[in-house]
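Chemist: If you want the building blocks of each chain, they are given just below.
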Amino acid sequence: MDDLNLAMRDRYRNNFLQEVEANVEEGEWAKMCMQCGVCSGSCPFGPHWDHPPQEIFMMIRANKREEVLSSTSMWLCTSCYNCIVRCPREIPITHIMHGLASYAQRLGLAPKEQPTRKFGLMFWDNIEKNGRVNESILGIKLYFMNGFKEGVKTAYKMAPVGWNMLRTKRFNPFALIPFLHKRCKKRSDIQAILRKAQQIENARTVRFGTAGG
Amino acid sequence: MVKKEYMFYPGCTAESLASGSNYMTSVESMCEVLDIQLNEIPDWNCCGASVGYVGGSELPRLALNARNLAIAEQVHPEQDVVATCAACWLGARETRDRLEEDNELMRETNEALAEAGLKYEAKQKVRHMVEVLIEDFGYEELQRHVKKPLDGVKIAGYVGCQTNRPFGIEGESFENPKYLDKFVETMGAEPVEKYDKKVSCCGGGLAFSEPEKSQALIKDIIEAAYDGGADMIVTPCPVCQMNVEIYQDQINQKYQTKFKMPVVYYSTLMAVAYGKSAKQAALGTQIIRAKQLEDIAGRK
Ligand code: SF4
Ligand code: SF4
Numbered sequence: 002m003d004d005l006n007l008a009m010r011d012r013y014r015n016n017f018l019q020e021v022e023a024n025v026e027e028g029e030w031a032k033m034c035m036q037c038g039v040c041s042g043s044c045p046f047g048p049h050w051d052h053p054p055q056e057i058f059m060m061i062r063a064n065k066r067e068e069v070l071s072s073t074s075m076w077l078c079t080s081c082y083n084c085i086v087r088c089p090r091e092i093p094i095t096h097i098m099h100g101l102a103s104y105a106q107r108l109g110l111a112p113k114e115q116p117t118r119k120f121g122l123m124f125w126d127n128i129e130k131n132g133r134v135n136e137s138i139l140g141i142k143l144y145f146m147n148g149f150k151e152g153v154k155t156a157y158k159m160a161p162v163g164w165n166m167l168r169t170k171r172f173n174p175f176a177l178i179p180f181l182h183k184r185c186k187k188r189s190d191i192q193a194i195l196r197k198a199q200q201i202e203n204a205r206t207v208r209f210g211t212a213g214g
Numbered sequence: 385m386v387k388k389e390y391m392f393y394p395g396c397t398a399e400s401l402a403s404g405s406n407y408m409t410s411v412e413s414m415c416e417v418l419d420i421q422l423n424e425i426p427d428w429n430c431c432g433a434s435v436g437y438v439g440g441s442e443l444p445r446l447a448l449n450a451r452n453l454a455i456a457e458q459v460h461p462e463q464d465v466v467a468t469c470a471a472c473w474l475g476a477r478e479t480r481d482r483l484e485e486d487n488e489l490m491r492e493t494n495e496a497l498a499e500a501g502l503k504y505e506a507k508q509k510v511r512h513m514v515e516v517l518i519e520d521f522g523y524e525e526l527q528r529h530v531k532k533p534l535d536g537v538k539i540a541g542y543v544g545c546q547t548n549r550p551f552g553i554e555g556e557s558f559e560n561p562k563y564l565d566k567f568v569e570t571m572g573a574e575p576v577e578k579y580d581k582k583v584s585c586c587g588g589g590l591a592f593s594e595p596e597k598s599q600a601l602i603k604d605i606i607e608a609a610y611d612g613g614a615d616m617i618v619t620p621c622p623v624c625q626m627n628v629e630i631y632q633d634q635i636n637q638k639y640q641t642k643f644k645m646p647v648v649y650y651s652t653l654m655a656v657a658y659g660k661s662a663k664q665a666a667l668g669t670q671i672i673r674a675k676q677l678e679d680i681a682g683r684k
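Going down the list, the protein sequences come from chains H and L. The first sequence begins at 2 in our numbering and counts up one residue at a time. The second sequence begins at 385 in our numbering and counts up one residue at a time.
None of these hints come from the bench; they were simulated from the model. Careful, some of the hints might be misleading.
[Unchecked claim] With the C-beta cut set under 10 Å, the calculated list includes, among others, these residues of chain L facing chain H: (1) C430; (2) G432; (3) R445; (4) L448; (5) E499; (6) V530; (7) K531; (8) P550; (9) G588; (10) Q634; (11) S661; (12) Q664; (13) G668.
[To be verified] Straight-line distance between alpha carbons at most 27 Å, and here's what the computed DSS-like set of lysine-lysine pairs gives: (14) K562/L - K531/L; (15) K187/H - K603/L; (16) K387/L - K663/L; (17) K597/L - K113/H; (18) K119/H - K638/L; (19) K603/L - K644/L; (20) K597/L - K119/H; (21) K603/L - K130/H; (22) K532/L - K663/L.
[To be verified] Output of the computed footprint for chain L on chain H, the stretches with three or more beta carbons under 8 Å from beta carbons of chain L: (23) 7 to 18; (24) 125 to 133.
All values reported here derive from a predicted model rather than from experimental measurement. Glycine included, every Cβ here is placed at the ideal spot set by N, Cα and C.
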């Protein structure tokens, strides 16, 4: 994916705003930000963001491409939609934050150790394979995402929670056995749809990219 | 009233042995009383909730949701699609709205769906169960079925995020929606006045990946309920229910609190008030038991 990163960097040299407008979901809204700060003040994990949404918009205009795309900030979006309903300019901030994270991911610039990035990838993988997400599988995999030793520690820490869920029949201990949890029947249909959608979208990025550059 | 039918999108958390299976049980009990028939969308798939964006970009996510809607349209085009999960509703409704207003996206999505022989035309509305209750029944009708009013129970209505934003419920504000409090009243219980965390975020899916930061938010949500004198919290969202209920022990350890606050669904309250048994209201699946509701359900 590094090549895509270099290609895009060269194509939009010194104009990150244009790159965002062309390649990031709802990116064409970025220039509408008037820096009022309402979004940053409304964001549940805001204090943990290195650059809260308002600042991200400022940095996009200031051409801080690497800083934005490699930031952990957007990955802290909980999809609460507070910013969207409060922004005086009605900018779809949530989608832009997701879009930036996802674009950074495609370019290989996303911070590797960011836990939500890892979680999100497992989540999507679960959808692609099964059509549905199985929380029990996801939970177990998540504990072990930082290696086996860490996993045992986390699993131990989370054991009381897991036991409670098991006790109240809200966790499936057999989920790791493929035939014992529910999956979509037409998984190959779903995979074909997703593959095609991705193809169309990729073609679009290149098309707009060329036009914009 | 005549039987009402809807195409139903239960979502991943509602599967048996999943965290929100208890939501389903109480919804089924509630629907039986109200004579609602839910026709499950055959072979429905995940909506890609919240963190789906990491692996799935825009068009794949739209196509994923459109598959459910296209199937629903095929089976019963005249029925609305109804979801009980906030994230499912959001994903499906956003897909419908965006495709309906953007012909190019609709064309591309249908090109992807054609791989599975499907076609989507955005014929149906996508609604949350709460909208069905308010708009197709109304508080008065909902009250008419109450057999055991939930007397003496004080409840904090925690609406959370995604049932409230960005779409929300018609006629309600984003900052202070009242419908959950009205449900509480309608079932004969007492809502907590001025519950200041009613639309705060619980961390959502990030409770898995950012547990410490999320639990700090959850702590405030529970604390505010105690401050308002609540006996329990009620919510319309399976993610809120799980997050606010299951980490209380960990929060107590970390913050030296003594939380033991039951968290139930609106459908749990309704099932009990409508005279269903503790089992039919799924009270046994509470990690923190809702004793008062168990008592009422146990009464003759
Ligand atoms: S609320 Fe809207 S206008 Fe204000 S800083 Fe945030 S994005 Fe910009
Ligand atoms: S939707 Fe995301 S960016 Fe917006 S306020 Fe919520 S967490 Fe912050």
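Chemist: Look at each hint and say if it fits the structure.
Modeler: So, going through the hints one by one against the coordinates:
{"no.": "1", "hint": "C430", "result": "5 Å, holds"}
{"no.": "2", "hint": "G432", "result": "6 Å, holds"}
{"no.": "3", "hint": "R445", "result": "8 Å, holds"}
{"no.": "4", "hint": "L448", "result": "7 Å, holds"}
{"no.": "5", "hint": "E499", "result": "4 Å, holds"}
{"no.": "6", "hint": "V530", "result": "27 Å, violated"}
{"no.": "7", "hint": "K531", "result": "26 Å, violated"}
{"no.": "8", "hint": "P550", "result": "5 Å, holds"}
{"no.": "9", "hint": "G588", "result": "5 Å, holds"}
{"no.": "10", "hint": "Q634", "result": "7 Å, holds"}
{"no.": "11", "hint": "S661", "result": "17 Å, violated"}
{"no.": "12", "hint": "Q664", "result": "15 Å, violated"}
{"no.": "13", "hint": "G668", "result": "7 Å, holds"}
{"no.": "14", "hint": "K562/L - K531/L", "result": "24 Å, holds"}
{"no.": "15", "hint": "K187/H - K603/L", "result": "41 Å, violated"}
{"no.": "16", "hint": "K387/L - K663/L", "result": "24 Å, holds"}
{"no.": "17", "hint": "K597/L - K113/H", "result": "20 Å, holds"}
{"no.": "18", "hint": "K119/H - K638/L", "result": "26 Å, holds"}
{"no.": "19", "hint": "K603/L - K644/L", "result": "12 Å, holds"}
{"no.": "20", "hint": "K597/L - K119/H", "result": "17 Å, holds"}
{"no.": "21", "hint": "K603/L - K130/H", "result": "35 Å, violated"}
{"no.": "22", "hint": "K532/L - K663/L", "result": "16 Å, holds"}
{"no.": "23", "hint": "7 to 18", "result": "violated (count 0)"}
{"no.": "24", "hint": "125 to 133", "result": "holds (count 7)"}
In summary, the structure is inconsistent with hints 6, 7, 11, 12, 15, 21 and 23 from the numbered list given earlier, while agreeing with the others.
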